[in-house]
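Engineer: Every number in my numbering is 87 more than the matching position in the sequence shown, counting from 1.
All clues stand as given, with none of them false.
Using 30 Å as the maximum straight-line C-alpha spacing, the simulated DSBU-like pairs for lysine-lysine come out as follows:
1. K244 / K117
2. K271 / K244
3. K121 / K170
4. K170 / K117
5. K122 / K271
6. K122 / K244
7. K271 / K195
Simulated restraints on C-beta separations:
8. L220 / E177: 44 to 54 Å
9. V225 / K195: 28 to 38 Å
10. G132 / S89: 22 to 32 Å
Calculated directly from the structure, the hints in this document are not laboratory data.
Ideal Cβ positions, reconstructed from N, Cα and C, are used throughout, including at glycine.
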Amino acid sequence: MSLVELVLLAIALSMDAFAVAICAGLTMPKVNLKKALVIGGYFGGFQAAMPIIGYLVAKLFADLIITWDHWIAFGLLAFIGGKMIWESLEKDDSDDDSDGEVAEASVKPSVMLPLALATSIDALAVGVSFAFLKVSIVPAAAFIGVTTMAISLLGVKIGSLFGTRFKSKAEFAGGVILVLIGLKILLEHLGVIAF
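Starting from the given sequences, assemble the full structure and let the hints guide the process.
Structural biologist: Structure follows, in structure tokens:
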């Protein structure tokens, strides 16, 4: 695999994490560097670890991974996105938030682990293909992880810029985006759409 191919692959793999990072940034009126680094660290760390895991178990689990990866990603993203939509609608109904602000993005493991897992399942499948292509896995995975972390930090900043302008609908929009990302992953793998 050439360097150009690796760069393009790393950028492509980071796009789901980028979109989710934008969603997190939507709820941050001002970028909190610590939270942004945690978000980037989760996404970058998972994007680096998953190809290694995929690489190591390629011969044993390749068919299972490829068969179920899109369903797992869809389920996790749809659940989390649906929860965000539900919570945003509950806030509108209860009107507890009189100033229109949404709760700032949580970086608790219970929130970040499923998001990082859902956005990195494709990287697991890439690791499987790396095993068959005889790619040097550690440098490739490290490059993918660093790229994803940087792009995720950018996503948090972009989301924050938009979130300060559209506070009352940020959580709802973030939930819809997560559900749509999950649906896109599912439809791509089922061959309904091609991107």
